[in-house]
Amino acid sequence: MKKVRTRFAPSPTGYMHIGNLRTALYAYLIAKKDDGDFILRIEDTDQGRLVEGAVDIIYNTLKQCGLKHDEGPDVGGNYGPYVQSDRMRSGIYSRYAHQLVDMGKAHICFCKEEDIEKQRQEQGDSFYFVDPCKLLSKEEIQKRVDAGEPYVIRLNVEPEGTTSFDDEVYGTITVENKTLDEMVLLKSDGFPTYNFANVIDDHLMDITDVVRGNEYLSSTPKYNLIYQAFGWDIPRYIHCPPVMKDEHQKLSKRNGDASFQDLLLKGYLPEAILNYIALLGWAPEEEREIYSLDELAKAFNVKRIGTTGAIFDIEKLTWMNGVYIRNMEKEAYYELVRPYIEETVGTDFDSRLIGDAIHDRINTLSEIKDMISFFNGVEEYDASIFTNKKAKTDPELAKTILKEVYDCLKDVGVWNNETIFTSLAEKAKALSYKNITMMYPMQVALSGRSVAPGGATAIAEILGKDESLKRIEEAMNRL
RNA sequence: GGUCAGUUGGUGAAACGGUUAACACAUCGCCCUCUCAAGGCGACACUCACGGGUUCGAAUCCCGUACUGAUCACCA
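Take the first sequence: its letter number 34 is residue 371 in this note's numbering, and every next letter is one higher.
For the record, the hints were derived by calculation from the structure and aren't laboratory data. One should not assume that every hint holds.
With a Cα cut of at most 25 Å, we get these calculated SDA-like pairs of lysine to any residue [said to hold, decoys possible]:
id: 1; residue 1: K442; residue 2: D503
id: 2; residue 1: K807; residue 2: D748
id: 3; residue 1: K706; residue 2: I695
id: 4; residue 1: K340; residue 2: K442
id: 5; residue 1: K442; residue 2: R424
id: 6; residue 1: K764; residue 2: E810
id: 7; residue 1: K736; residue 2: V715
id: 8; residue 1: K405; residue 2: V392
id: 9; residue 1: K590; residue 2: S422
id: 10; residue 1: K515; residue 2: S501
id: 11; residue 1: K340; residue 2: W569
id: 12; residue 1: K559; residue 2: S525
id: 13; residue 1: K667; residue 2: T701
id: 14; residue 1: K405; residue 2: P607
id: 15; residue 1: K807; residue 2: L702
id: 16; residue 1: K802; residue 2: I722
id: 17; residue 1: K727; residue 2: T701
id: 18; residue 1: K524; residue 2: F466
id: 19; residue 1: K475; residue 2: S422
id: 20; residue 1: K480; residue 2: V438
id: 21; residue 1: K736; residue 2: S787
id: 22; residue 1: K640; residue 2: S556
id: 23; residue 1: K807; residue 2: G785
id: 24; residue 1: K524; residue 2: I429
id: 25; residue 1: K582; residue 2: T701
Start from the sequences, fold in the hints, and give me the full structure.
Structural data, given as structure tokens:
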């Protein structure tokens, strides 16, 4: 059994969007499931569309995701070069195209666009280009080539019969050959067309499983015709359904839709993003949804890739990101959130205590800032927020309660969440209040908010005794 | 327009022709509780785009219709 080799072949034209990343992920998983190789190949034949720094984005994204490639422009390998423009320079494509001509499987064509257009007009709807250049004699062709007349190389296609191929996802697909045009292999500038370069590269790199978007489904028969012309083995095809923005549109960078980089900036973790997108268009056999990359590789099964475009649901990603945050090792979690905490409240407070307070409350890192900004100081608020149904409080009652709270806290010796809570709870009992009736006004006084992370006593611990008493005093004055 | 493909709740989705059509997100209740979360429990598709057919039995198989998408370049 041949070693599985898959490839991810992006064009360096900008940001890495989610659909693209998912294709890379699937290619990686398919390779790793069987201990195969995952190869990165940069498709930069369209020099005009290249974007500065785009290659680095590709490297970085793969790295951040843990999608380590075994071969590629930056890590080398035995099948290089891994950059298409380099392969072009060495004349690989041109050589193979001419070889096909020599074999009688392709032909040289001098037609101009106008010639083709003319035929299209004449034939109407069921257009099928009949290339007059196929009738040219060898000598004439040679003469015109020698004279420097520009030409392209087109594949020969017999219009009779059908071509079919098996796709692991979509099953067997058959088309009639007369619907297949005699595609250009080598352009008049001597560069290969994208499709041709792809076939050559995939074959030369021993790619066993071609993983790509389902927009290639209709051109796959043409690919196969090239493989057959050379007498090469046809790879396994795995066409993936698209990741959609909504019912009608695919996710795309052109629309400014979420790219991987954007999601990181919004406070999502790479592992969570990867886990989530794995589930867009693929379903594991178990009911479980949380998988590490290694676990995904073990569980992955091409047969369970779906055929329908899946809508990217940021809400579910958000939930899953929260699961990842909550499942983290304590120390790693503290390290993760510390920069976000220090960025908004500085280093005056214990970032670990704040981390504890927000632990169950954040789904994304970017929520931290707003959640804890009150530690810096209480913002202006309306007295009406002292009114709370559950606590049965109103501004009037809050004032008397805060007085009790203040007196109680004043006498607390060792200052921590537990001691604060205990003494307040005792006081509440003595006054026959429910705990919440004591705590809620205190929370508002300390945070200036009706909703705050951690609970009143945890906030008090973080603020420290002096600051807590000060804030309660201010609140009383305000009432 | 030709060709190819797809269609299960708001979303991701499961289902070897026989289940009350899983599970998860979201939503809505309830419980817990020092607010909000987190956690626990529960509700949520009288039905699988529609119409025929095959079958004792269809979301599952066949045919047709509708709708959606992809593709028809010397772009990648």
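Comparing the hints with the structure gives:
no.: 1; hint: K442 <-> D503; in the structure: holds, 23 Å
no.: 2; hint: K807 <-> D748; in the structure: holds, 14 Å
no.: 3; hint: K706 <-> I695; in the structure: holds, 11 Å
no.: 4; hint: K340 <-> K442; in the structure: violated, 30 Å
no.: 5; hint: K442 <-> R424; in the structure: holds, 23 Å
no.: 6; hint: K764 <-> E810; in the structure: holds, 18 Å
no.: 7; hint: K736 <-> V715; in the structure: holds, 17 Å
no.: 8; hint: K405 <-> V392; in the structure: holds, 15 Å
no.: 9; hint: K590 <-> S422; in the structure: holds, 24 Å
no.: 10; hint: K515 <-> S501; in the structure: holds, 13 Å
no.: 11; hint: K340 <-> W569; in the structure: holds, 17 Å
no.: 12; hint: K559 <-> S525; in the structure: holds, 20 Å
no.: 13; hint: K667 <-> T701; in the structure: holds, 17 Å
no.: 14; hint: K405 <-> P607; in the structure: holds, 14 Å
no.: 15; hint: K807 <-> L702; in the structure: violated, 30 Å
no.: 16; hint: K802 <-> I722; in the structure: holds, 24 Å
no.: 17; hint: K727 <-> T701; in the structure: violated, 29 Å
no.: 18; hint: K524 <-> F466; in the structure: holds, 17 Å
no.: 19; hint: K475 <-> S422; in the structure: violated, 31 Å
no.: 20; hint: K480 <-> V438; in the structure: holds, 16 Å
no.: 21; hint: K736 <-> S787; in the structure: holds, 16 Å
no.: 22; hint: K640 <-> S556; in the structure: holds, 22 Å
no.: 23; hint: K807 <-> G785; in the structure: holds, 13 Å
no.: 24; hint: K524 <-> I429; in the structure: holds, 14 Å
no.: 25; hint: K582 <-> T701; in the structure: holds, 21 Å
Checked against the numbered hints above, the structure violates hints 4, 15, 17, 19; every other hint is satisfied.
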